[in-house]
Amino acid sequence: MPKKTRSKALLICGLFLLAAVALLTLSCNRARAAGGNDARMIVLGIDGMDPQLLDQFMQQGKMPNFARLAAEGSYRKLTTSIPPQSPVAWSNLITGMNAGGHGIFDFIHRDPKTLEPYFSTSRVEGPKHSFDVGSWVIPLGGSSAEQLRKGDAFWQILDRHGIPNTIFRIPANFPPVAAKGETLSGMGTPDLRGTYGTFSFYTDDPSASAEAVEGGQILPVEVQNGRVTANLIGPDNSFRKGSPPSREPFTVDIDPLEPVAKISVEGQEFILREGEWSKWIPVEFQLIPFFGNVKGMCRFYFKEAHPRFQLYVSPMNIDPSDPALPISTPSSYSRLLTDEAGEFHTQGIAEDTKALSDGVLDDKEYLEQARTVLAEHRRIFDAEFPKFKEGLFFFYFSSLDLNSHMFWRLMDPKHPGYDATLAAANGDAIESFYEQIDQVLGEVLPKLDSRTTLLVLSDHGFAPYYRSFNLNTWLLNNGYIKFKADADLTNQAPFVNVDWNQTRAYGMGLNGLYINMRGREKSGIVDPGAADALLHEIRTKLLAIRDPKNQLPVITRADLASEAYQGPYSRSGPDMLVGYNRGYRAGWKTILGGFPQDELEDNTNAWSGDHCMDYTLVPGVLLSNRKIASDAPALTDIAPTILAEFGISKTKGMIGTSVFSSGER
Amino acid sequence: MFGSHKVKIEGDLLDKAKKCAEAGGYESVDEFITHVVEKEVSKVLLPSEGGTTSKELIKKRLQGLGYIE
Chain U
1 MPKKTRSKAL LICGLFLLAA VALLTLSCNR ARAAGGNDAR MIVLGIDGMD PQLLDQFMQQ
61 GKMPNFARLA AEGSYRKLTT SIPPQSPVAW SNLITGMNAG GHGIFDFIHR DPKTLEPYFS
121 TSRVEGPKHS FDVGSWVIPL GGSSAEQLRK GDAFWQILDR HGIPNTIFRI PANFPPVAAK
181 GETLSGMGTP DLRGTYGTFS FYTDDPSASA EAVEGGQILP VEVQNGRVTA NLIGPDNSFR
241 KGSPPSREPF TVDIDPLEPV AKISVEGQEF ILREGEWSKW IPVEFQLIPF FGNVKGMCRF
301 YFKEAHPRFQ LYVSPMNIDP SDPALPISTP SSYSRLLTDE AGEFHTQGIA EDTKALSDGV
361 LDDKEYLEQA RTVLAEHRRI FDAEFPKFKE GLFFFYFSSL DLNSHMFWRL MDPKHPGYDA
421 TLAAANGDAI ESFYEQIDQV LGEVLPKLDS RTTLLVLSDH GFAPYYRSFN LNTWLLNNGY
481 IKFKADADLT NQAPFVNVDW NQTRAYGMGL NGLYINMRGR EKSGIVDPGA ADALLHEIRT
541 KLLAIRDPKN QLPVITRADL ASEAYQGPYS RSGPDMLVGY NRGYRAGWKT ILGGFPQDEL
601 EDNTNAWSGD HCMDYTLVPG VLLSNRKIAS DAPALTDIAP TILAEFGISK TKGMIGTSVF
661 SSGER
Chain Y
666 MFGSHKVKIE GDLLDKAKKC AEAGGYESVD EFITHVVEKE VSKVLLPSEG GTTSKELIKK
726 RLQGLGYIE
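Those protein sequence lines, which keep their order, are chains U and Y.
Under my numbering, the residue at position 217 of the first sequence is numbered 217, and the numbers go up by one with no gaps.
Under my numbering, the residue at position 2 of the second sequence is numbered 667, and the numbers go up by one with no gaps.
For reference, chain Y alone in the conformation it holds in the complex:
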């Protein structure tokens, strides 16, 4: 059920990913790439499909309008 899958990244993209991982405080480039994929998955999928709900974030953004609590 919780299988794994290897993705091959090489060349310039790998170098850039390594730089980002280092600058962003990630322990490894694998951890950084997993984080990026998780973020994209949560944006694409509905909450019922495993995506994360952004209701609270949206509410926070809208509260500055003054019209809502």
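Next up, chain U with everything else stripped away, as it sits in the complex:
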């Protein structure tokens, strides 16, 4: 070949080679963008972040990192679940299915054969003498736990494709499903007593009535020669006669002059001043000699030394360094987190909202506890996030949700619980928690690169909770529930007076309405063939209800399960989902089957914001550093989005599609 021709051929070959390299690079970039195994993804799950509040705080310049992400990336409202409750919403996100597919319809489910309620996402069995959970052997008197959510979690699918992942405190994952990655359970994790949080309050104040509070226990004590002797309360001990709670003694020596005390527990001694919190104190409950003990931990708050003794003790949390129930995968992960970032709340809903509602803690005291929860999460985030190199990193924050529940009343003068003095002191509580979440985002943004996708999302938004609607009272007044002829109206136990042989429908849970169906409920009387007509009749009447106080509709939508759900469990939940207007929610007593006298009442509880309403009125948020193609993304799109980022097709039953894809659903 002549030299000139050979040079020309080499040039052409070189050009081809360059073109091939360019094409390869382009296709690699496309693979990264559209889903390849070198992709990385960060998901921040911010429970209860509300688009209206986010917009307001961004406009006020209080959330610069969110404003930057919204401006440079994408920001959408995120359609929440039906109903918009956290266990349902996070299950939608986890599985890519709605409640018909994952079987979680409400915080509260009922057994149709007994009408007894239970927490929807997990079942904690009463104490047994011993049992195994996987490789766990729980000692005598412990409790068993069963995960009730159906369907694969997205991280289990990632596991099958070899994608590394870390999932921190995602709700509706207790006990954690089997996983290869590092997961820690969140909302739904009980305390050591098997409840969702039971505090103890020790006082010598005779006006504090014993056991008259909800979500806690008031324990009367005597101060004798400056000393209080009392017991910490642990799990029920089924090997003792009558299965009494296990107890561990402690003493408090109060300084006669100063507001200071020394507390002694199991050989540990520490000093607290009035108004001071202890660190986490490990406690070991001896259930039966030689057979086994259970370890927990709690925090003490010394509320008052003189003239009245007042000591708050937090719910007894499962000790993450030596957990009595499975709370992480691998089981050593919770201990590793403790080593890296110190002890932390393991109870699913860590903020002690009941202590504030009951008046045991005041706003300032509760806020200190709630800030500790967020500080613990941020410590763990700061320990874990720098280690993230590949795959998926999911981190959950509870603070906006719980504190929007508790402090809405202080930022909304229209709220029945608004108090100008209290508002002056802590009216910015919600805002300050939003600002802290913005700081977390500020740590993430500099770490993003071309192969990393960020999603920041919430499961639902928020709204004021001004007025309660007592659904069961309304059903009674409208003839759908009948009381027994010999009903004892002084007995307020759930459904105790109901004549099930004449009752056609009942309410249970925060949004659920059930038909008393023949063949399903224990004393069902409505033929399945007549159920739809009855549901339509009730729906028409519910949508027509107006609040006599302001003429506003109380209920703005009511979805039939047959219309709202797809999947094998569509008919195992409520038959109708009651969607309350903004400002309204199911009343406190009606949720478990109580019958307050009035259909509508003001809500003066400290729990003053809520989201268990018409799902279209409380959307969540979705932000990303990439362009979101979907105009109306939904929670059920998130699992398919995560899978698509790693080049994995969505699985059977998933009803959403990647938010980055413009393809049809």
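One thing to keep in mind: the hints can contain errors.
Residues from chain U shown here face chain Y by an in silico Cβ test under 8 Å; the list is partial [unchecked claim]:
id: 1; residue: Phe107
id: 2; residue: Pro117
id: 3; residue: Thr195
id: 4; residue: Lys387
No lab work stands behind these hints: they were computed from the structure.
By construction, the Cβ of each residue, glycine as well, lies at the ideal position given by its N, Cα and C atoms.
Position chain Y relative to chain U; hints supplied.
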């Protein structure tokens, strides 16, 4: 109507039951075993059949969620 029935327990299980009865503060191994059977019966049977209702216990457990009273 209120008849009695003897159940034979022997060997290792009896030894373990005796240890549990002693450690749990029961006056006899019979009392301990009756207690265990009562507990299991109340869990299996519906309230209408003689089982005990756990509504209050369930309510107590759920109250910590914050959403209910």
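Problem set entry | Violations among the numbered hints | 4
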